[in-house]
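K.L.:
Line order of the protein sequences matches chains A and B. Mapping of the first sequence onto this note's numbering: position 121 corresponds to residue 128, and the numbering continues sequentially without gaps. Mapping of the second sequence onto this note's numbering: position 143 corresponds to residue 150, and the numbering continues sequentially without gaps.
Simulated from the structure, these hints should not be mistaken for lab results. Every value quoted in this text rests on a predicted model; they were computed, and no experiment measured them. Check before you lean on any hint, since a few could be wrong.
Chain copies aren't distinguished; within one or between two, either way the pair holds.
[To be verified] Below 25 Å or equal to it, Euclidean Cα-Cα: the simulated BS3-like pairs (lysine-lysine) are:
1. 230 to 155
2. 144 to 33
3. 206 to 229
4. 84 to 213
5. 144 to 229
6. 193 to 74
7. 41 to 230
8. 157 to 41
9. 230 to 144
10. 145 to 229
Number of protein chains: 2
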Amino acid sequence: MKLYSETTRHLVAVDCIIFGYDIAEKEIKLLLFKRLIEPSKGKWSLEGGFVEENESLDEAASRILRKITGLGSVYLKQSYSYGEVDRDPGDRVISIAYYALIALCDIDKDLTLENGVHWRSISVLQDLIFDHSDMVKKALADLQSQIKVKPIGFELLPERFTLVQLQDLYEAIYQRRVDRRNFRKKILSMGILKRLDDKEKETSRKGAFYYMFIKENYERLKKDGFYFNLDVN
Amino acid sequence: MKLYSETTRHLVAVDCIIFGYDIAEKEIKLLLFKRLIEPSKGKWSLEGGFVEENESLDEAASRILRKITGLGSVYLKQSYSYGEVDRDPGDRVISIAYYALIALCDIDKDLTLENGVHWRSISVLQDLIFDHSDMVKKALADLQSQIKVKPIGFELLPERFTLVQLQDLYEAIYQRRVDRRNFRKKILSMGILKRLDDKEKETSRKGAFYYMFIKENYERLKKDGFYFNLDVN
Numbered sequence: 008m009k010l011y012s013e014t015t016r017h018l019v020a021v022d023c024i025i026f027g028y029d030i031a032e033k034e035i036k037l038l039l040f041k042r043l044i045e046p047s048k049g050k051w052s053l054e055g056g057f058v059e060e061n062e063s064l065d066e067a068a069s070r071i072l073r074k075i076t077g078l079g080s081v082y083l084k085q086s087y088s089y090g091e092v093d094r095d096p097g098d099r100v101i102s103i104a105y106y107a108l109i110a111l112c113d114i115d116k117d118l119t120l121e122n123g124v125h126w127r128s129i130s131v132l133q134d135l136i137f138d139h140s141d142m143v144k145k146a147l148a149d150l151q152s153q154i155k156v157k158p159i160g161f162e163l164l165p166e167r168f169t170l171v172q173l174q175d176l177y178e179a180i181y182q183r184r185v186d187r188r189n190f191r192k193k194i195l196s197m198g199i200l201k202r203l204d205d206k207e208k209e210t211s212r213k214g215a216f217y218y219m220f221i222k223e224n225y226e227r228l229k230k231d232g233f234y235f236n237l238d239v240n
Numbered sequence: 008m009k010l011y012s013e014t015t016r017h018l019v020a021v022d023c024i025i026f027g028y029d030i031a032e033k034e035i036k037l038l039l040f041k042r043l044i045e046p047s048k049g050k051w052s053l054e055g056g057f058v059e060e061n062e063s064l065d066e067a068a069s070r071i072l073r074k075i076t077g078l079g080s081v082y083l084k085q086s087y088s089y090g091e092v093d094r095d096p097g098d099r100v101i102s103i104a105y106y107a108l109i110a111l112c113d114i115d116k117d118l119t120l121e122n123g124v125h126w127r128s129i130s131v132l133q134d135l136i137f138d139h140s141d142m143v144k145k146a147l148a149d150l151q152s153q154i155k156v157k158p159i160g161f162e163l164l165p166e167r168f169t170l171v172q173l174q175d176l177y178e179a180i181y182q183r184r185v186d187r188r189n190f191r192k193k194i195l196s197m198g199i200l201k202r203l204d205d206k207e208k209e210t211s212r213k214g215a216f217y218y219m220f221i222k223e224n225y226e227r228l229k230k231d232g233f234y235f236n237l238d239v240n
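Based on the sequences and whatever the hints tell you, model everything.
P.N.:
Here it is in structure tokens:
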């Protein structure tokens, strides 16, 4: 093993894949920006930044996320590290990718505009710079497997939502249809949703009850050995 | 965003969690070595090394693994990246952890001795330097979920194995008992094992047939939409 002092040092960045859910368009979106510096200036990019001397990887990811979204307390998870020598044509940069889940309504719109970032449909993937589309694909695959076994989908919804809206979210993430009866039966049988008294009446005459996710119920059930499972065909 | 040239550079290491399965002792082991340099000289450590200028993270992990084990073609998977500022008291080092799966019988014993590395029971976890025990715990949790859904357990076994030996392996990784009838029924129904003509006769008078994993069968079935699933109670 080489001694520490004789060793090559590297640029290390954190890139944030910021997923948002557009409840009206029933679509997962990505918070992207047009890159301000060469190489690839003007092209669509994930939000990223270099890891500073006195911050951990998690802290760097939180800092970048807060700068862009104005949000401090957001679901943020390390995804995968990318280290191909030539992945960034500007210089060798090792990048640790994180993904965040945000309800679009939580975003401060002015801050977003000021930073020049935009919510873009996930279908623009092929236009991203460097290996950013690989990063998004890997994070999305992880999200698809995680929402089956953890109640993280609620991070992408407003506090109150209908069961149809919840199912729409799962269908947007899975990118396939889900059986309506099974989905409702499974989610309601868990005992982690609370039905509210008022109804959403814009999309149907009859209206649909609003629900809320009760995190305390989930935490209590989990302690007793309960497993969240929304693996529905 | 800072320009590349103004930015702090970091030491980046790769640490390899090398899992081996001891078929006689029915135990998962770790390939560890006594650290040769300060800090923490003489303490048990994972095998690691710094990422060189012209190699990717995957290449660095393969290089370290080959140096220690003499093996070129081994199951190797990136696990998680560790970046706490003070995780290594010698200097700030960002480390990307990988885990490898090896059948103990594949190891060149002489090379192992020459490198001063040893197979140690996973129960020595608390004695590892730095955050290496966290690295092992996270990799083990990932292995526990991966062997349910991918046929990677076979990487830890010799080419020929009995069903009892396969079940012992799953029990060692899950760290709990598994129902014998369900396990046999599930694994045999998949059509990915081939029963050989000869028997293992050391552990029982009647003997137990040897089996082999037929990777081609698995790959063909997977193409047709088959999911490996060994989630057995």
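K.L.:
Each hint should be assessed against the structure and marked as holding or not.
P.N.:
Status of each hint after checking the structure:
Proximity of residue 230 to residue 155 under the C-alpha cut-off of 25 Å is found in both arrangements, the shortest distances being 19 Å within a copy and 23 Å between copies. Taking identical chains as interchangeable, the C-alpha atoms of residue 144 and residue 33 lie at most 25 Å apart only when both belong to the same chain, with a minimum of 19 Å there against 38 Å between chains. Neither within a single protomer nor between protomers do residue 206 and residue 229 lie at most 25 Å apart by alpha-carbon distance, with minima of 29 Å and 45 Å respectively. Taking the shortest Cα distances, residue 84 and residue 213 never come within 25 Å of each other, neither inside one copy (39 Å) nor across copies (52 Å).
For the identical chains of this complex, residue 144 and residue 229 are inter-copy neighbours only, at 20 Å across copies versus 30 Å inside a copy, given an alpha-carbon limit of 25 Å. For the identical chains of this complex, residue 193 and residue 74 are neighbours neither inside a copy (38 Å) nor across copies (50 Å), given an alpha-carbon limit of 25 Å. Proximity of residue 41 and residue 230 under a CA criterion of 25 Å is satisfied in neither setting, with 45 Å inside one chain copy and 39 Å between copies. Proximity of residue 157 and residue 41 under a CA criterion of 25 Å is satisfied in neither setting, with 33 Å inside one chain copy and 39 Å between copies.
In this homomeric assembly, residue 230 and residue 144 come within 25 Å of each other (Cα to Cα) only across copies, at 20 Å, whereas the closest approach inside a single copy is 33 Å. Proximity of residue 145 to residue 229 under the C-alpha cut-off of 25 Å is restricted to the inter-copy arrangement: shortest distance 20 Å between copies versus 27 Å within a copy.
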